[in-house]
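Heads up: the protein sequence lines correspond to chains A, B, C and D, in order. Just so it is clear: in the first sequence, position 305 is 305 by my numbering, and no numbers are missing. Just so it is clear: in the second sequence, position 81 is 81 by my numbering, and no numbers are missing. Just so it is clear: in the third sequence, position 332 is 332 by my numbering, and no numbers are missing. Just so it is clear: in the fourth sequence, position 35 is 35 by my numbering, and no numbers are missing.
All the pointers check out, no bait thrown in.
Repeated chains share a single entry, so a pair holds when one copy, or any two copies, can fit it.
For lysine to aspartate or glutamate, the following EDC-like pairs were computed, each having C-alpha atoms within a straight-line distance of at most 20 Å:
id, residue 1, residue 2
1, Lys271, Glu249
2, Lys340, Glu249
3, Lys340, Glu132
4, Lys379, Asp398
5, Lys271, Glu375
6, Lys340, Glu386
7, Lys271, Glu348
Hints listed in this document are in silico derivations from the structure and should not be mistaken for laboratory results. Note that the structure is predicted; figures quoted are calculated from it, not measured.
Protein chains: 4
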Amino acid sequence: MIARFSRPELEHIWSDANRYATWLEVELAACAAMEEEGTVPRGTAAAVRALAVGRLEPARIDAVERVTRHDVIAFLTHVEELAGEPARWLHLGMTSSDVLDSALALQTAAALDAILAGIAGLRAACARRAEEHRRTPMVGRSHGIHAEPTSAGLTFLRWYAELGRAAERVARARDGIRVGKLAGAVGTYAHVSPAVEARAFARLGLAAESVATQIVGRDRHAEVLGALALLGTAIEQIALGVRHWQRTEVGEAQEAFGKGQKGSSAMPHKKNPILSENLTGLARLLRSYAGAGLEDVALWHERDISHSSVERVVLPDATILADFMLARATTIVADLVVDKARMRENLELTRGLLHSEAILLALVRAGLPRQRAYELVQKSALAAHEGRGLFRELLGADAEIAERLTPAELDAGFSLEHHLRHVDAIYARVLGTTPGATA
Amino acid sequence: MIARFSRPELEHIWSDANRYATWLEVELAACAAMEEEGTVPRGTAAAVRALAVGRLEPARIDAVERVTRHDVIAFLTHVEELAGEPARWLHLGMTSSDVLDSALALQTAAALDAILAGIAGLRAACARRAEEHRRTPMVGRSHGIHAEPTSAGLTFLRWYAELGRAAERVARARDGIRVGKLAGAVGTYAHVSPAVEARAFARLGLAAESVATQIVGRDRHAEVLGALALLGTAIEQIALGVRHWQRTEVGEAQEAFGKGQKGSSAMPHKKNPILSENLTGLARLLRSYAGAGLEDVALWHERDISHSSVERVVLPDATILADFMLARATTIVADLVVDKARMRENLELTRGLLHSEAILLALVRAGLPRQRAYELVQKSALAAHEGRGLFRELLGADAEIAERLTPAELDAGFSLEHHLRHVDAIYARVLGTTPGATA
Amino acid sequence: MIARFSRPELEHIWSDANRYATWLEVELAACAAMEEEGTVPRGTAAAVRALAVGRLEPARIDAVERVTRHDVIAFLTHVEELAGEPARWLHLGMTSSDVLDSALALQTAAALDAILAGIAGLRAACARRAEEHRRTPMVGRSHGIHAEPTSAGLTFLRWYAELGRAAERVARARDGIRVGKLAGAVGTYAHVSPAVEARAFARLGLAAESVATQIVGRDRHAEVLGALALLGTAIEQIALGVRHWQRTEVGEAQEAFGKGQKGSSAMPHKKNPILSENLTGLARLLRSYAGAGLEDVALWHERDISHSSVERVVLPDATILADFMLARATTIVADLVVDKARMRENLELTRGLLHSEAILLALVRAGLPRQRAYELVQKSALAAHEGRGLFRELLGADAEIAERLTPAELDAGFSLEHHLRHVDAIYARVLGTTPGATA
Amino acid sequence: MIARFSRPELEHIWSDANRYATWLEVELAACAAMEEEGTVPRGTAAAVRALAVGRLEPARIDAVERVTRHDVIAFLTHVEELAGEPARWLHLGMTSSDVLDSALALQTAAALDAILAGIAGLRAACARRAEEHRRTPMVGRSHGIHAEPTSAGLTFLRWYAELGRAAERVARARDGIRVGKLAGAVGTYAHVSPAVEARAFARLGLAAESVATQIVGRDRHAEVLGALALLGTAIEQIALGVRHWQRTEVGEAQEAFGKGQKGSSAMPHKKNPILSENLTGLARLLRSYAGAGLEDVALWHERDISHSSVERVVLPDATILADFMLARATTIVADLVVDKARMRENLELTRGLLHSEAILLALVRAGLPRQRAYELVQKSALAAHEGRGLFRELLGADAEIAERLTPAELDAGFSLEHHLRHVDAIYARVLGTTPGATA
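Next up, chain A with everything else stripped away, as it sits in the complex (with noise of 0.2 Å):
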C-alpha cells in the first residue's frame, strides 16, 4: 500500500523482517516442540535462537532467492549462515507451507487485533457525540427527503452499533484464521507428527488446521477480506453522512479545517469534506479485495499456489487500508463540527410537512378510513410543497378534517419533542440501560 494509506504499526507486521522473523519463530517453535519429541538435539532451539533472533538481514535473503526461486530455502540458507550446524535441524520434516501458512496466520491475527483496536477507538468517538447530541433535533430524511424529525444523537449510535457488529465480524475471521499447520506436504503428517504440531502451536498461540493439505484453508483468508469490506461499508456509512451533512444546502455538520488547510485552489473559500471522500473511495477498494480473496479459495488437488500472489499484495493492502480508515474516521466523528442551529433551520424548511403522518393517525384514530385520511392530508400537503400556504393552516380549513380533528388536536400533531420520547429507550438497549452510560 502507498506510503499516503499506511500507518508504522501495520507496515511492520507486514515488513519483510517482521516477515522473516515470524517463519524463524514458527520454525524455532516446531524445532522446540521436536526437542521435547526427542527428534532433535535438545537446545537446538535455544542455540539458533541466540544466533539468528534479531540479526536476520532481508536483504540476504532476497539474493538468495533470485539464485533458488524459492523464499523458504532462502531463508533457511540465511539462517544456516548465522546459526552454523545446530541450523540443519530446523525444518525437518516440515514443508515450506508449515511455516508460509503458520507464519501468515501470525501476521494476519495481529493485524487484525489491530484493526480490533482501531475499531474499538472509533466506537467510543461515536458514543461520546451519541450522548452530546441524544437530544439535539435533526430532520430524518429518507431518499434524501425530510421525513420526519428524529435525534442527531441516533445516527452516532447507529454507527456505533454497525461498528460493532462489523467488529464481531472481524473478530470472528481473526478467530478463523489463527490457524496454521506442520502437517507437511499433502497433510498427512508424513514427517511430522501431530503432537509436534500441538506442541509448537501451544507456543505460537495457533490452532492446527482440522483437514490440511499443503496448506490451510483458504476460505479462512477470504472471510477476513470480507470482514474488512464490510468494516469499509460501516466506515463508508459515515463518511457519506459526513458528506451529506456539509453539503452546502444541509450544513449541518462538517470536518474540522486544519490549521493551514486549504480547501481549493482556486476558491479559497471552499470547505470540501475531503477526509470522507477520501474514505468512501477507500471503501471501494476493500470491496475489490474482497472479490479476489473469494476466488482464491478453490485449489487444485491438494494446493495450488495461485492464491500466494493475491496474498501477498491483499492481505497487507487490505489490513492496511482498513487501520488507516479507521484513524481517518476517528479523527472525522471526534473532531466533526455539529451545527445545531442550522439542524434547528432545516427542520423549519418544509413548513410542517414533517408532521404530515401524525396528523394521518390522528384523522384514522379519529374514525376516518385510512385512504380517506391518506388522500385528505395529501391534499393539504402538497398545497404546502406547492407553496400555497402553510401545512397547519391548510389543514385547519379543510371541512372534513374540522369534523374530526380540533384545533387542539391539529396543534399537538405538530410537536417536536413527541417524536424524541423513546430516544432514551434505544440508547439504553445500544450503550446500556442506564442514560448516560455508553458500553
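Dock chains B, C and D against the given chain A, drawing on the hints supplied.
Below, chains B, C and D without anything else, positioned relative to chain A:
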C-alpha cells in the same frame, strides 16, 4: 433465477404469494400487539386473519400497484377489499419499511434455513465417502505435480470440514438477518412504541434492529450474500476436485452417468464432468452477487431505497442458486464413481519419486547437512524424472548416500503405509474420537 | 430477470422459443452451406424449414433433455420428430457448441442492438433537455459544496456525451460478439470445412472465430458485460444527479409524479426520486455481472463448460436490465421537472462566495503574488462564510485589496453572465457547430 | 505495488518525481498557451522551465502538503521557491484538477504504451511457438476429457489472437484516457478559454474533454481498468494452459527450470509451474481493480473526489502488475519446454476413442439415422472405455456397422493427418496468407 437452477421450496419462499402472505403476517402480528397495548380494538387481527389469510391475490395487488406505484399501499388496499372495515386498523403508525424489512427478514431466514439443511445433507454425503475411502491410497498433488501419498478419504473429509465452516457462517448470517423493525419512518418509534415492536416480534421470531433508520441495517444482507459466496467456494472446491479426478489422464473418479444421458453430440464415448463444471460457474455467480450486496450498505441519511432493486433480484437469486448447488453437489458426491485401482496406478507414475522427502530426511537424520542432502536427492530425482533409471536404484548407486544409509534404510523410505499412519488422528478430530463414527 | 425489470422485446430474445428457433436457423444455414458444397442432398434445408420452423415446442425439447441431459441432442431429436428423414442430415459433422455459440452470438447481438436503440433514445432526451437549459444558470458544485456558476444544460449535455462513449463501447462489444464457429469439437474443422462455415455465416451475418477451440473466445462475452457495466455507470450518473437535485434542501429538479402515484404510505406529501434510486441499485447489478464474466474467460484446454451456467443467467439478466434501465432513464430525463427559480435561489445561498476565484484572479492580474492573493480572498471568504458580512462588502473593506482593485473592478468579478460565455462553444463541439442543432 | 511484482519503467512513470514533473509540464504548457493568448507575459514558461524543470524535490512538496493538506498548492509553493517571481503566473485561472487530470492522462497513457509494447512482445513469442508447433499433433480436450486430435501450435496461435483482441481494447482505452481538461472549477472555462486549452493540449498530445465538470469523465479510467482486467484473462488463459500441460499425468510441456532454482523445500524432484500459478493469481487482482474502477464513475454534481483515493492506488497497481505479468508470460512462452513425444503418447491413451466422431459421421453418410449411429458408436466406445477391447476392433465386430462400412472405410476414420488438414487455413487468417509468415 431461471427455472433450470431453481428448486420448488426456495421458489415458494420468494414467490409473490408468499411475500404478500408474509407481509400480512407482519401486519397481523403488529395489529395483535397494538390490541394488547389498547390502541387497536380487540379482535381486529383475528377478524382480518379470518377474511384475508389464504385469500390474497397477487395479480390484484399488482394491478393496484401499477396505479399507485407503491407496493405496500397496493397491498393494504387489497387487504381492505378482502377484510373490510377492520383492515383499516392495520399498519397504524407504521411505515412501509416496517412491513417490508420485517417480512424480508422472515423470508431470507427461511431461505437460509433450507440452505443449512442442504449443507447438512452434503456434509453427510462427504462423511460417508470419507469413511469409505479412509485408507484408500492416492497420490497427493501440489501445483498439479505428484508430491507424496495420501488417502483419498482425506479429500472428502476436508470438504466435510470446509462445509462445516461454511455452515457456521451461514448460520451466523441467518441470526444476523432475523432482525426486523417496527420503528417508523426514521426509526424513532414516532407512532408505534418499542413495546409494540417487542410484542409483535415475539410472535414472529424476530429480533428488533438496535438502531433502525427507516430500515434495518444493510450490512446484515451483505453478510448473508458474503456467507453464500463463501459457501459457493466450498462447493466450487468439490467441483474442481471432481473435474481434476475425472480428466482423462487422471481418471481417479467420475460423476455417475445417468441412464439415457448423452455425453456429447459428436463424441459418444465421452463422459464429461458437466455437473461439476456447472457448479464451478454458479460459484462465480454467488461471488458476483456478494459484490452487489457490499455496495448496498452505505445509504443516504435515514435511508435511500437504492438497495431495494438489488435485493429484489439478488436475495432470491443467491439463495435459490445456493440451494440448487447444494442439491447438485450432494448428488455428485454421493454417486461419485471412485476408481481405486487407477489411484494405485497413478501412485506408481513417478516410479518412486514420491518418496524423495523421506530419503532426504533419512539422510539428514543420518547426519548430512540439509543442503547437501537436498542436492544429493535432487540429483537422483531429476535423473529418474528424465528417465535415466529408477529413483530407488539411482539412490542406491550414489556413493555419498551409501555412506549414510544401508539398503534396508533406503527401502524403509519407500513405504506407502508410513504415509497413512496419522489418518485416524485426523479423522478423529473432525468426526469424533472413535474411528468409524461420524458427527 | 424478474418481470418487474423486464421488457417484452428482450424477454423474447432470450425466451426458450427464440433460442430454439435461432438454433434451427444456425443448423439450416449450415445445412444449406453443405448442400452447396455437395455433402448434403439439395433441398434438405428447405424441407426441414417447411416442417419445423415455427413449430418447435420448447416443452417437448425440455422433456427429452430431462432424459438425455443434453440440450442439443434433445433439440435435434425434436426436429427429427417434426421434419422426419431429411432432419438426419442436420448437424452433420458439427459439435453442439457450433450451434450453441453461433446462436448465442445472434441472440446477444440482437439484444445489444435493442440496447443501442435505447441509448439513442436516452441521448435524444438528454439533447432536448440540454437545449432547453442551455442558458439556465445553476450553481456548480464540487465535493457537494458550491463552487462556481454553470449552466444546468451542461449537465444534460454531459450525460449525452457520456452516453455517446457508452454507446461506442456497446457497439464495439456487439461487433466483437457477432462471431460464431462451425469448427467442430476442438476447432480443427475436422468434419466441416472452413468453406462451409464461411457460406453459413454469410447467411447468418456472423464472422468466424479466428482460432476457435470447441467454442468461441469468452473474452468476447466478458467485453459485452463490461460494456454494459460501463453503460450502467452512465445511467447511474444520471440517477445520482436527479437524486441530488431532488433532495429537499436542493429542490432544483424532480422526477415527474405519476397520476395516482403515492409517495409514501405514511407521509403523503413526500415525492421521492424512487425511479432514480431504483436505477442506482440496478447499476450495481450490472457491475456484479461483469465480474462473473471476467472469471469465465480462462478455460481448460480446448474448453471447459463452466462458463455456460454463468452465461445462461447473466447474459439475459444483464441485457434485459440494461434495456429496462434505458427506458426508465429516458422517462426520467424526458419528464424531469426542472425548477429554474430554485436554481436561481440556490445561486444566492452563499451570498457571493461563488465569485471568489474571479476576485483572486483579478488580484493576481493586478500584480499580487498568488499566495498572498489567496490569503486575502480566503480571509474575507471565511468571514462571509461564517456570517460576518457579505463577501462583496468584506472584500471592499480590505485595505490591501483596495490598493489593487477599484470598486468597479470588484463588481465585475461578481458577474453571472461571465460564466456562461463559453457554453455555446462546448455545445458546438458536442452537438455540432450551429447553436441549436443536435447530433 | 510491491517490489516483487514491479518493473522499473512502470515504477518510474508512477513515481512522485515523475508525477510532479508531469504536473509541471502541464502548467508550463498552459502557461505558454496563455503567453500566446497574451494573458501572461512572454517568456514566463521558459523562465520557470529553466529554474524548475529537473529540480523539483518531492520531499519538499510533501512537507508543504502536510500543512496545507492540498497537494497542488504545495506543488505550486515549491515551484515558486525554485523559480521565484515568474512562477506566480503559473496556474492562472486554473483549478487543481486541470493539472491533476491532464497529468494523470499523460501518466496513464505512458503506462498503457509500455503495456502495449509488452503485449507485442508476448504476441511475438506466441507466434514463434505457434510456427514451431504448427504440425505437432496433440490431443484436444474438452471438459478435461480427450476429444479429438489437434495441433499444439493452434494453442499458441489462439493465445496470439486473443492477445490481439486484448491489445485492441488497451489501445482504445489508451486513446480514451489521453484526454485532459483546462476548463476550470466546474468545466465552464470561467477563467481560462477553450483556446488556451487547445493550444496547451496540442503541446502535450492530449485531447480536451468534450463536456468536463471539474474533472474528466471517470468512465475513461474505468475503461482502462476493464481493458487491463481483460488483458489479465488472456494471460491467465496462457498460465492455465501451461499449468494443465505441466501436471504430472499430462506432462506435455513445462516451464523452463532456472539454474539453481529449487522446486520444493521438501521434494527435490518437483518442478512446479510456479510462474504460471503466480500469473493466475495476479489476473484475479486485475479483475478486482476493475471492480473498484466501475464504482468511481458516478460522482456528485460537478464532481466529488471519492475516485481519487482509488486511483492513487489502483491505476499504478493495475498497470504495474499488467506490465509485470506480460514480461513473465513472455518468458514462460518463449522458454516453455514442449514434449512432443509425450503429446504423441497421450494421443494413444484412449486407444482410438478420439476417432469416434469420424466413425459416427461415416455411418451417417452411409445412410444410418443419426440417433442410431450414435447409439452404435456409443456402445463400442463405452465398451472400449471400460477396457473390454480396442475401439477399432469392437467397431469391426459389430454386425450392424459391418453392414454399412467396410474395414477400409473404418480404417480411414482413424487417420490422424485428417485432423490437421485445415491448420494452414487457420494460420493464414491469423498470421497472413503465406504459411510461415507472422503478422
